[in-house]
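J.: Going down the list, the protein sequences come from chains A and B. To convert, note that position 187 of the first sequence is 187 in our numbering; the numbers rise steadily by one, no gaps. To convert, note that position 92 of the second sequence is 92 in our numbering; the numbers rise steadily by one, no gaps.
Among the clues, some could well be false.
[Claimed, not checked] Covered stretches of chain B, as calculated for chain A (at least 3 residues, CB under 8 Å): (1) 4-18; (2) 27-37.
[What the hints assert, rightly or not] Sample of chain A residues with no beta-carbon within 12 Å of chain B, all distances over it, derived: (3) Glu159; (4) Glu166; (5) Val334.
[Stated by the list, open to error] Example chain A residues on the side facing chain B (calculated, C-beta under 7 Å, incomplete): (6) Leu16; (7) Leu28; (8) Thr74; (9) Ser102; (10) Arg110; (11) Arg371.
Hints listed in this document are in silico derivations from the structure and should not be mistaken for laboratory results. Beta carbons: idealized from backbone N, C-alpha and C, even for Gly.
Protein chains: 2
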Amino acid sequence: MAVARAYLDHASTSPLRDAAYDAMRPYLESSFGDPGRLHAEGRATRVALETAREQVASFFGARPREVVFTSSGTEAVNTAVSGALARGGSGGHVVTTAVEHSCVRDAVDRGTTEVTVVGVDRFGRFDAGAVVDAVRADTTLVSVQLANHEVGTVQPVAEVCSALRERTPLVHVDACAAAGHIAVDFGALGADLCSVTAHKFGGPLGAGALLVRRGLRVPPLLVGGAQERTRRGGIENVPAWVGFGAACAVVDLATEAAAARMLVDLAAAVVDRVTGVERFGDGSLPNVLCLGVGGVEAEPILLALDQHGVAVHSGSACSSETLEPSPVLEAMGVDAERSLRISVGWSSATDDVERFVGVFPGIVERLRELRTV
Amino acid sequence: MAVARAYLDHASTSPLRDAAYDAMRPYLESSFGDPGRLHAEGRATRVALETAREQVASFFGARPREVVFTSSGTEAVNTAVSGALARGGSGGHVVTTAVEHSCVRDAVDRGTTEVTVVGVDRFGRFDAGAVVDAVRADTTLVSVQLANHEVGTVQPVAEVCSALRERTPLVHVDACAAAGHIAVDFGALGADLCSVTAHKFGGPLGAGALLVRRGLRVPPLLVGGAQERTRRGGIENVPAWVGFGAACAVVDLATEAAAARMLVDLAAAVVDRVTGVERFGDGSLPNVLCLGVGGVEAEPILLALDQHGVAVHSGSACSSETLEPSPVLEAMGVDAERSLRISVGWSSATDDVERFVGVFPGIVERLRELRTV
Chain A
1 MAVARAYLDH ASTSPLRDAA YDAMRPYLES SFGDPGRLHA EGRATRVALE
51 TAREQVASFF GARPREVVFT SSGTEAVNTA VSGALARGGS GGHVVTTAVE
101 HSCVRDAVDR GTTEVTVVGV DRFGRFDAGA VVDAVRADTT LVSVQLANHE
151 VGTVQPVAEV CSALRERTPL VHVDACAAAG HIAVDFGALG ADLCSVTAHK
201 FGGPLGAGAL LVRRGLRVPP LLVGGAQERT RRGGIENVPA WVGFGAACAV
251 VDLATEAAAA RMLVDLAAAV VDRVTGVERF GDGSLPNVLC LGVGGVEAEP
301 ILLALDQHGV AVHSGSACSS ETLEPSPVLE AMGVDAERSL RISVGWSSAT
351 DDVERFVGVF PGIVERLREL RTV
Chain B
1 MAVARAYLDH ASTSPLRDAA YDAMRPYLES SFGDPGRLHA EGRATRVALE
51 TAREQVASFF GARPREVVFT SSGTEAVNTA VSGALARGGS GGHVVTTAVE
101 HSCVRDAVDR GTTEVTVVGV DRFGRFDAGA VVDAVRADTT LVSVQLANHE
151 VGTVQPVAEV CSALRERTPL VHVDACAAAG HIAVDFGALG ADLCSVTAHK
201 FGGPLGAGAL LVRRGLRVPP LLVGGAQERT RRGGIENVPA WVGFGAACAV
251 VDLATEAAAA RMLVDLAAAV VDRVTGVERF GDGSLPNVLC LGVGGVEAEP
301 ILLALDQHGV AVHSGSACSS ETLEPSPVLE AMGVDAERSL RISVGWSSAT
351 DDVERFVGVF PGIVERLREL RTV
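Extracted from the complex, chain A is given alone in its bound form (with noise of 0.2 Å):
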């Protein structure tokens, strides 16, 4: 009989909740109009679209029309940082933070040389102020998450929108490590731009939003249709879309936060049983637990873990390709290269943290012992 994995890296992807694949599946079995079309098939497509609008506007504390649909958070970002930097005339300054998701950091890279990072603190936190000071007369975009995807730090982005809201600059908030696990409040937030994604709390693949805010135009990344208000051209990905819009309409924000947090505790147990193990970041984002392990690398743990029937991740690489050192726990002074890092999910179980618990101080030790002989 095979046993049941404990899947514990739902901050990299997360399986698909049942309420958004039932959604789904009329729009993949039977109702397949494009939703810009006169006739009735795509009339009926338009429909389920635009609910799906309305549910993630809701979610995300946006008015529908603020809601552009993206094929994921990276195109969300992409599309956002170069908006905002083609709207701005090319060249303009850009203020950022060195905890970024690599997307940020590269769609930046490609659009100025004129970048301005702002470094953080031993837990992965950028101080608002210093956010704010480093704005120019001649910045066009700050770019700042709302969570940190590695260690799990909430960021005084609400702080920095704030400071920014009468100047200039366009304020981007990438919320795609955030979303479906605390609460994204687009309106009260103030930002000009958000990057989310479905696929990290139950939502299906192929599903991002940027949302704009009323009255901003920014030009598109994708061109070629009047699709979104022709802020993104390319048939609509209504399967996907009306999924991401079902996963915000079940997700029970405070309960679900509470239980993860209860894993997580769960899981940082580890820190007081294995010595030389510390915990990364400040524990605010509820799902994450960032794990340093002393004397060994984290590669070896995670097969070893994964061996045993628990994935996890290791460091912030966005793929399994790139084995470089993290620029995060770089920004953060931290002395180590790569982390654990053990993500928690709406599918996850007490048993799932309970096995990784189990197994991980043997690991730990054995890899240690192998590497003293």
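With chain A's structure known, arrange chain B on it following the hints.
T.: The following block gives chain B in isolation, referenced to the frame of chain A:
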């Protein structure tokens, strides 16, 4: 009892083939890992993804490493055009044609002001020699379609590629309308870049590919991750891309094209039965019939057909929100602003076309009477 609809708008989007959906379901229901991760869940989806890549490569005459998955044909085209222009340094000269899809036109216009647009004959066909002659010393990109999306004319793209093989500009072929309906052989064609999409021949939404000739590097459009060998950042849409591969694997081009041609010929009978109806295009793409109807607007015909259970498309607009004259018809010198497009696909049956042929004459007659009242 609900009467089944006659869906004749496959060139907009096609229902999902059973084989594609069956292939996707495990990746929607149980196997969900990030293929960039080292754990068992990630390794499983990585295998599925690479199998899909081989299926797509095989179907389009490419090597697996030449396949860069995208979220859509539009994303593939945008990546090709932006990438080719960025690679060649900004503002290079582009040669394209007057009948390209709006995503090619718009991506070219965004990237450069130096564009030569080659015209077409009354069938919407460009002359290969005219395209080649338009190439200058500073031309960085030639972008041509393999088949026209609106009138169904197959273009002399092989001749263009052959003539430019030893010359400087990159050649991009937009094969989105052709893919799955006629053979697309990337290797034999000798193009540098080729865009294809899944959903127009029974693959899922959320799936396209840019084929990139071996050894050629074009900068990515979506940055932020090493996915697709650093050619497209963002988590891989495993369910959609697996479905794309499965759709490629089951298409029997010769059989399906013959069936499509038979159905289109059946539909084309209305040209002889109704006065003032003419066929646009040369009929070389087997699945598309484009009709001009004298004396009546296209939209009322479309809506009347829809009420009779027949779904067709009017004109070239990529979204119902744009009701502008068709640039394709304009380039052909045709005396019509919009047309009716009847397009068939894998699920089409004789009944569907017979329904269209049965109701079309009466609808046109009635609308013409209304007009003369």
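J.: Would you mind marking each hint as holding or not holding in the structure?
T.: To see whether the hints hold, each was checked on the structure:
| no. | hint | in the structure |
| --- | --- | --- |
| 1 | 4-18 | holds (count 8) |
| 2 | 27-37 | holds (count 8) |
| 3 | Glu159 | holds (26 Å) |
| 4 | Glu166 | holds (31 Å) |
| 5 | Val334 | holds (22 Å) |
| 6 | Leu16 | holds (6 Å) |
| 7 | Leu28 | holds (6 Å) |
| 8 | Thr74 | holds (3 Å) |
| 9 | Ser102 | holds (5 Å) |
| 10 | Arg110 | holds (6 Å) |
| 11 | Arg371 | violated (20 Å) |
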